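K.L.:
Given next are the chains, with one letter for each unit.
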Amino acid sequence: MKWFNPETIKPWLLLLPSVIVIGFLVGYGVWEAIAESFREWETGKWTVQYYEELLMKEAFWDSLFLSMYIAISSTLASLLIGLFLTRVLQRYFMNYRWKSLVWLPMLFPHFVAAYLIILFLSESGILSSLFYHFGWVNEIADFPFSIQSQHSAGIIFTYIWKEVPFVILMLLPIYQQFSPEEEATVRTLGGNSWDVFKTTEWPSLFPVLIETGIILFAFTLAAFEVPSVLGITYPKMLPVLSYQWFFENDWSNRPLAMAVMIITTLIILFIAFLSFWVTQRRRMHIARGR
Amino acid sequence: MSRIQEISAKSCVAVLCLLFFLVGCSTDDKEELEEQSENTSESILNQSWEDTLAEAEGSEVHFYMWGGDEGINHYIDDWVAPRLQERYNITLTRHPMDITEILQKLQTEKRAGKEDGSIDVVWINGENFKNAKENDLLWGSFTDYLPNYQQYVNKENSEQQYDFGTTIEGMEAPWGKVQYVFLYDSAKVEEPPASFADLAEWVKKNPGTFTYPEAQDFSGSGFLKHVLYDKIGIEALDGKEYNPSLLQQHSDEIWGYLNELQPHLWREGETYPSTLSDLDHLYSQGEVLFTMGYNEGRAERLIADGTFPETTRSFVMEPGSIGNLHFLSIPFNSTNTAGALVTINELLSPEAQLKKLEPSVWGDNTVLDINKLPDSYQEKLKDIERGESVLSADELQDSFLNEMDPEYTEWIKEYWISEVVQSGNN
Chain V
1 MKWFNPETIK PWLLLLPSVI VIGFLVGYGV WEAIAESFRE WETGKWTVQY
51 YEELLMKEAF WDSLFLSMYI AISSTLASLL IGLFLTRVLQ RYFMNYRWKS
101 LVWLPMLFPH FVAAYLIILF LSESGILSSL FYHFGWVNEI ADFPFSIQSQ
151 HSAGIIFTYI WKEVPFVILM LLPIYQQFSP EEEATVRTLG GNSWDVFKTT
201 EWPSLFPVLI ETGIILFAFT LAAFEVPSVL GITYPKMLPV LSYQWFFEND
251 WSNRPLAMAV MIITTLIILF IAFLSFWVTQ RRRMHIARGR
Chain E
1 MSRIQEISAK SCVAVLCLLF FLVGCSTDDK EELEEQSENT SESILNQSWE
51 DTLAEAEGSE VHFYMWGGDE GINHYIDDWV APRLQERYNI TLTRHPMDIT
101 EILQKLQTEK RAGKEDGSID VVWINGENFK NAKENDLLWG SFTDYLPNYQ
151 QYVNKENSEQ QYDFGTTIEG MEAPWGKVQY VFLYDSAKVE EPPASFADLA
201 EWVKKNPGTF TYPEAQDFSG SGFLKHVLYD KIGIEALDGK EYNPSLLQQH
251 SDEIWGYLNE LQPHLWREGE TYPSTLSDLD HLYSQGEVLF TMGYNEGRAE
301 RLIADGTFPE TTRSFVMEPG SIGNLHFLSI PFNSTNTAGA LVTINELLSP
351 EAQLKKLEPS VWGDNTVLDI NKLPDSYQEK LKDIERGESV LSADELQDSF
401 LNEMDPEYTE WIKEYWISEV VQSGNN
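Respectively, the protein sequence lines represent chains V and E.
Anchor point for the first sequence: position 112 equals 112 in UniProt numbering, and the numbering is continuous, going up by one each time.
Anchor point for the second sequence: position 190 equals 190 in UniProt numbering, and the numbering is continuous, going up by one each time.
Calculated from the structure, these hints are not laboratory results.
If you're wondering where the values come from, they're calculated on a predicted model, not measured in any experiment.
Hints are supplied without guarantee of correctness; some may be wrong.
Below, simulated SDA-like cross-link-like pairs (lysine to any residue); rule was C-alpha separation at most 20 Å, straight line [to be verified]:
| id | chain 1 | residue 1 | chain 2 | residue 2 |
| --- | --- | --- | --- | --- |
| 1 | V | LYS198 | V | GLU182 |
| 2 | E | LYS133 | E | ASN324 |
| 3 | E | LYS225 | E | GLU410 |
| 4 | E | LYS133 | V | PHE247 |
| 5 | E | LYS372 | E | LEU391 |
| 6 | E | LYS413 | E | ASP278 |
| 7 | E | LYS105 | V | LYS198 |
| 8 | E | LYS105 | V | GLU53 |
| 9 | V | LYS57 | E | TYR415 |
| 10 | E | LYS413 | V | ARG281 |
| 11 | V | LYS45 | E | VAL361 |
| 12 | E | LYS382 | E | SER360 |
| 13 | E | LYS413 | V | ALA184 |
| 14 | E | LYS130 | V | SER252 |
| 15 | V | LYS57 | E | SER418 |
| 16 | V | LYS198 | V | ARG281 |
| 17 | E | LYS205 | V | ASN138 |
| 18 | E | LYS105 | V | VAL30 |
| 19 | V | LYS198 | V | VAL278 |
| 20 | V | LYS45 | V | PHE60 |
| 21 | E | LYS177 | E | VAL361 |
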């Protein structure tokens, strides 16, 4: 039988340790979170009351909208800027010096990046002091750029600064595979730059952009450090809201905190499946030659 | 054990058994183990202090405590730890961790039936103590067993019996005492406000120079509790049980006052500092002119290390300043209760308490009854200069207010966002 063929079993055996670790650690964690969100805190009976309560809460909806707004806008902005930089600067990135320079932000942990933003861009930050020094603003408090605002400019800015190098990292190998002949073919057939991009680059870029986008979106939606440093009092991003409910002195909100995390996970899973479905369909179209 | 814990403990154990089926343990074994260990560890309290000292000798004690203050960390690492090593041959290891996370860890261990925990001493008070006590995360009633507690602490005093309204019952030993004060830069503010009404006037005249940490922060809810005292009155709150009708009666006044302040606060009240350290940062940068917080002596070291301006002074406003005690306790699954008892007893010694009071060390007030101390220590206590930014002992004593019932704090935290932040900014 094929099953007993050692060559067939080998990859499974090799994967087994990591599958066990991931399965138990992540699986057990997710299971505990689900169980806690569906159990009455005092008695341990199964219930959906916490989800009902959550969906009735204005604070939850405001947090959800804020999180979606931040995750979508910073992901799209990072992808666009990353794509633009890779296209324009790909020749320089062959040189190791430029490549290291652009990847520099990846060395910083996210919370360090958030503190750097405070250090440079806050009302009492370095930039504001320079403005004051040169007399462009009369008082430190008049500094026009506000990082902690309803628009969450600070959070989005931090994510863009951190994630653009990641987008470049993902896109660069693709650009380095493109051969000049393909471009020449399009040009010979009378195509302009847009046609070159659309016919030679886009088909290979699209799946990678989607994949990178999902990674960034999932991370931004569920990450805690940056919004906890740069967020405002109300509304808070979902992970901060969940953390707050979880670590409150009154432990009765803990199921709610878990419910928030479960819903966040569901959103990420939904978007991931949706985009896999889209890329899969495209691949099938390409395979059929349509 | 309450029902929920029993269920989750059992389900936890069941899952663990599935996972590590080789170990092959059952819930019954766990419960037996638990009973045994409880019997052995509590019997310590029946033996003589000398026996406990002997038992603790050569052991290791793991002290889990909030680690956000360099001065406090130095005190533990460089003064307390060497002293314990020298006198009792105990090795003290400090582990920095927030108390909520410590309790989370203990709660998880409780559910999993883990009886040999890694924590021997915790630093705790208030709502966290209430939580730990209600969830059976603490070891037992031990304070009467400590020689220094017996000798130097005034047990009759109400502050030694209730921690934020929760009866202590010997489950935690007092360690220090702090009072809530406001700090200001005397070079920029001539006359700090003397009451909450004054404060409202002040922020209107000087917009953007004052704010307080959000309600979820310990110091932020501390500020709001003072507003409650101001609007509801001392008589109705100090040492009284929770009375929701008071809040109904006065809620318009309370939220009205905070909404009156909001548009004149830092950043027009659109956002608040999320922690006290954020507010301290704003103050140190000169963005705001005031900061605040528990511990009447906290400005001293921040001035000394150059974080705060040298002209920083403190003040309290009418109706007064809330003070509270902080405590030391032993978790239910400590593996070295003898060492923990000796360590806590040593931290309550007059020497350790005096050292802790020095402004360059920590500046934290003593919990010992001054009248019970030997004369030489009473003299030393009087000689300690707490620093220019600290109010006099009389002034602090005159303005002292007890912590109110924790239910009030829960109420503030629950409604502050919707009543103040949302309503004012929409």
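K.L.:
Next step is simple, just say for each hint if it's right about the structure.
P.N.:
Verification of the supplied hints:
no.: 1; hint: V:LYS198 x V:GLU182; verdict: holds, 12 Å
no.: 2; hint: E:LYS133 x E:ASN324; verdict: holds, 18 Å
no.: 3; hint: E:LYS225 x E:GLU410; verdict: holds, 11 Å
no.: 4; hint: E:LYS133 x V:PHE247; verdict: holds, 17 Å
no.: 5; hint: E:LYS372 x E:LEU391; verdict: violated, 24 Å
no.: 6; hint: E:LYS413 x E:ASP278; verdict: holds, 19 Å
no.: 7; hint: E:LYS105 x V:LYS198; verdict: violated, 55 Å
no.: 8; hint: E:LYS105 x V:GLU53; verdict: violated, 27 Å
no.: 9; hint: V:LYS57 x E:TYR415; verdict: holds, 13 Å
no.: 10; hint: E:LYS413 x V:ARG281; verdict: violated, 50 Å
no.: 11; hint: V:LYS45 x E:VAL361; verdict: violated, 51 Å
no.: 12; hint: E:LYS382 x E:SER360; verdict: holds, 16 Å
no.: 13; hint: E:LYS413 x V:ALA184; verdict: violated, 66 Å
no.: 14; hint: E:LYS130 x V:SER252; verdict: holds, 14 Å
no.: 15; hint: V:LYS57 x E:SER418; verdict: holds, 11 Å
no.: 16; hint: V:LYS198 x V:ARG281; verdict: holds, 18 Å
no.: 17; hint: E:LYS205 x V:ASN138; verdict: holds, 19 Å
no.: 18; hint: E:LYS105 x V:VAL30; verdict: holds, 18 Å
no.: 19; hint: V:LYS198 x V:VAL278; verdict: holds, 18 Å
no.: 20; hint: V:LYS45 x V:PHE60; verdict: violated, 24 Å
no.: 21; hint: E:LYS177 x E:VAL361; verdict: holds, 15 Å
In this structure, the hints that do not hold are numbers 5, 7, 8, 10, 11, 13, 20, in rising order.
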